[in-house]
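Asker: Could you put the whole structure together from the sequences, leaning on the hints where they help?
Numbering (the working numbering), first residue to last: 1 to 226.
FYI, nobody ran anything at the bench for these hints, they're computed from the structure.
It is possible that some hints are incorrect.
For each label pair, taking beta carbons as the anchor points, the in silico distance ranges come out as [claimed, not checked]:
#: 1; residue 1: Q192; residue 2: K147; range: 44 to 50 Å
#: 2; residue 1: L116; residue 2: G26; range: 16 to 22 Å
#: 3; residue 1: L84; residue 2: P108; range: 20 to 26 Å
#: 4; residue 1: L219; residue 2: S148; range: 41 to 47 Å
#: 5; residue 1: E194; residue 2: L116; range: 39 to 45 Å
Ideal Cβ positions, reconstructed from N, Cα and C, are used throughout, including at glycine.
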Amino acid sequence: MAKVIETTMKSSTTPVIICDFSAPRGSDLRFLDDAQHLDVDFILIAYNPGKSVRMDPATVAYLIKERIGKEVIVTLATRDSNRLSIQSNLLGVSGLGLENIMVVEGDPFSETELALVKGVNDFKPTELIRSINVMNQGLDFKGLSFKSPTDFCVGATIDINRSVDKQVLLTSRKIQSGAEFFVAQPTFDIRQVELFYDQYSRVNGRSISQPIFWGIQILVENGVTF
1 MAKVIETTMK
11 SSTTPVIICD
21 FSAPRGSDLR
31 FLDDAQHLDV
41 DFILIAYNPG
51 KSVRMDPATV
61 AYLIKERIGK
71 EVIVTLATRD
81 SNRLSIQSNL
91 LGVSGLGLEN
101 IMVVEGDPFS
111 ETELALVKGV
121 NDFKPTELIR
131 SINVMNQGLD
141 FKGLSFKSPT
151 DFCVGATIDI
161 NRSVDKQVLL
171 TSRKIQSGAE
181 FFVAQPTFDI
191 RQVELFYDQY
201 SRVNGRSISQ
211 PIFWGIQILV
221 ENGVTF
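Answerer: Written as structure tokens, this is what we have:
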């Protein structure tokens with residue numbers, strides 16, 4: 001399996017493309033037909049978009065990788081699981097041969113939704129990123145050794161549609177925690193992108209070296225594609 005950071009470093013003349021992909025609202029495997037026709041470098045399996053019940057992202061990623069040979073990224077949210085559950089799931093993901101992880105927080109539940117489901121948030125995203133890198137060194141959250149370490153390439157998100165200053169600081173913390181690449185939410189003002197790069201360089205005294213995949217929202221029939 002190819003890691004995002006390694007593929008990006010090797011691709012000096014052509015852009016690396018990541019496509020967002022929603023898991024199905026059911027257990028049938030017809031989604032593989034859609035994935036088959038995606039001519040991209042990586043398929044990023046979204047985590048329960050719309051806070052709806054969907055097939056587990058790791059399962060979808062594994063099926064896409066095994067059945068049609070596409071490279072994949074598994075999205076993992078901190079909102080819904082505690083540390084024991086998350087790290088156990090990550091060992092399973094590693095056992096399936098999947099190496100690319102995208103860490104997100106997950107949208108908070110509304111008051112109405114909280115009557116039906118509760119958030120956990122045992123990890124903050126920066127804490128989970130750091131925790132995964134510790135797992136890569138062979139240790140769990142208790143400091144106990146695994147029989148074999150994981151080997152994940154960890155990504156995180158950026159949303160410069162919010163405060164650019166806050167996003168610069170948050171991005172810096174994610175890098176310090178071990179984030180190797182970033183996927184940014186779509187923005188419709190190129191000046192915001194330039195401002196982010198300038199602000200990051202000013203705050204950190206150097207340019208950002210981690211690759212950022214800037215989201216592009218494409219109009220399609222009956223909806224949009226990210």
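Asker: Hints first: check each against the structure and report whether it holds.
Answerer: Hints versus structure:
Between Q192 and K147 the beta carbons are some 46 Å apart, a value that agrees with the proposed interval 44 to 50 Å. The beta-carbon spacing between L116 and G26, approximately 20 Å, falls within the hinted interval of 16 to 22 Å. Taking 20 to 26 Å as the suggested C-beta distance range, the pair L84 and P108 conforms, at roughly 22 Å. A hinted range of 41 to 47 Å holds for the C-beta pair L219 and S148, which are about 46 Å apart.
In this structure, E194 and L116 meet the distance hint of 39 to 45 Å, their C-beta atoms being roughly 43 Å apart.
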